[in-house]
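Chemist: Residues per chain, in single letters:
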Amino acid sequence: MSAERVPFSCGRTSLIAGNTFLEAVRQRLFLFLVLLAVALVTGARFFQSFDFGPDLGVASLKFTFDFGLGALVFFGSTLTITATAQLFFSEIENRTALTLLAKPVWRAEFIFGKFLGAWAVVGVFCALLTGLLAGLLWFRAREVLAANPEAFLHGGPVAPGDLVIVCVLQWLKFGVLAMITLLVASFSNTNLFSVVMGFFVLVICHLQSFAHQAYAHAEESSVAIGLMIKTLARVFPDFRLFDLAEQAGHEGGVNAALALRAAAYALTYVFVFGFLAVYSFRRREI
Amino acid sequence: MSAAADSAHPSAIELRGVTKDFPVGLRGLKLRAVDNLTLNVPAGQVFGLLGPNGSGKSTTIKIVLGLLEPTVGECRVVGVPSAQVESRRNVGYLPEAPYFYRYLSGAELVRFYARVCGVPRGRFDARVREVLDWVGLTGAADRRVGTYSKGMLQRVGLAQALVHDPRLVILDEPTAGVDPAGSADISQMILRLKSEGRTVLITSHLLAQIEDVCDRIAILDRGRLILEGAVAELVGRRDRQALIVEALPPGELAELRTWLAARGRVLESVEQPRARLDEIFLREVARAEGVNREARP
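Just so you know, the sequences run in chain order P and U. Under my numbering, think of the first position of the first sequence as 1, with each following residue one higher. Under my numbering, think of the first position of the second sequence as 1, with each following residue one higher.
Honestly, the hints are just simulated from the structure, not real lab data. For every residue, glycine included, the Cβ atom is placed at its ideal position computed from N, Cα and C. Treat the hints with care, since some could be wrong.
Only part of the chain P face toward chain U is listed, based on derived beta-carbon distances under 8 Å [said to hold, decoys possible]:
no., residue
1, 33
2, 35
3, 226
4, 230
Among chain U residues calculated to face chain P with C-beta under 7 Å, some are [unchecked claim]:
no., residue
5, 68
6, 93
7, 95
8, 115
9, 119
10, 121
11, 124
12, 191
13, 245
Simulated restraints, written as ranges between beta carbons of each label pair [said to hold, decoys possible]:
no., chain 1, residue 1, chain 2, residue 2, range
14, U, 212, P, 95, 44 to 52 Å
15, P, 128, U, 124, 43 to 51 Å
16, P, 203, U, 197, 56 to 64 Å
Let's have the full structure, built from the sequences with the hints guiding it.
Modeler: This is the structure:
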């Protein structure tokens, strides 16, 4: 017998995402990380005892920018991995997934709903820190200009647009990381394993430059090693591509073409890892 | 709320030679949870799936819901293979020991599932109110699910199972941990579901309740079907009758024995009829509540 088809629904996916988001913002870990990151970013304002050298104004702004971005990257990565794994396993362990998947819901909707919910949480976190950092940079730039009107003659402060692009790229990177964590969670039995694997992959993706350098010389290596290096370079995304912070604050600002390429790169990996996660989760026993 | 049994599909659930093995350990060992199970659940009836713990009831239900794939065999729900998402369009499910999103209110929870199940947008609120009223939770609809008692969790679970007006309702241990009054309410709800033309598949260890509400039962043991049939046929003894009369004095009882013996019959036992404990419990609780209500100013 043929029944009326139930197509993949973006509405159901967004419902699951919304519910996941709601659950996440009520968790203390999220609040703790937000407070800690806000404290760190705000704290950068008060590190006045460093010697910034003769180019005091620009250097202190650069320090605040780097410090704030560092907090965003560190706590954002931690939040992405822990929140994604936790939000997935809370559904499995609390057996709410049983009730949900007993409805006319595709497993793909569940996976992408969980992903979007977790990514939205990280998005709020990134937006919060970006806004805070922009405010701090603006105040600091005003102070520097008041003390020395020619402070930015050889390089201005980071433009708000550049700051937003740099932070959005980090958020896209967290999206790839969230989907990788979900892929691991889709076949693993424990939250802990997923979190550990998530951090492991994070390190690999940040060290991809070594694989790419080796890839460039792969032809000189044996066939097996060359194949392994090529596979490693293709399978794991290169997280360096999302780091355009060095361009911010320089003349010309962030290269828009590079930023767009990084965004397309991130979305491609999100979809590829997403489909792998759906495939892996397809037959999982709930 | 109405759902007529589909005459085109006399079986709401059809299991054909279903076997389910779970891998155990790394040496390729397998645990057989369901063993060559063939079962039909007729549409419009209340069907009890019984068996001791570990007999394969929950695994069978998960196969029906498409949450597990059988290793061998076939399962159809209202004619649709259970592996297809489409088969769940007509199914409402109340899991055993239901856990729901504790941070949502009862109304929000049921609304969430209504939207997931595709209840038309314009009908959300009316439908949510309707099912919450149906399960008797209107007064607690705006309370968080995390504050609900066990009985209220079962009720809100039933509400989410019914919100999309399914033809088949699967209740896994709906009275586990619920007090006798709540259990009696759930029995009444099951009978109402049947009167609306829905098929109900229920598992429970409360055999008295099963006997009261089910049309047919199947008993599983170690994954195998060991007995299946209509409750009336299984529990009734056609070769025996019970006559209930006012208490007889010993002399008259002896006369009755003599009268029966003269006709070649034997009076096998003389017993005092016993009231069921759950009936006494419900009667006394209702009476106490009546007294309290009258005593209130």
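Chemist: Please flag the earlier hints that this structure goes against, numbers listed from lowest up.
Modeler: 1, 2, 3, 4, 9, 10, 11, 12, 13, 14, 15
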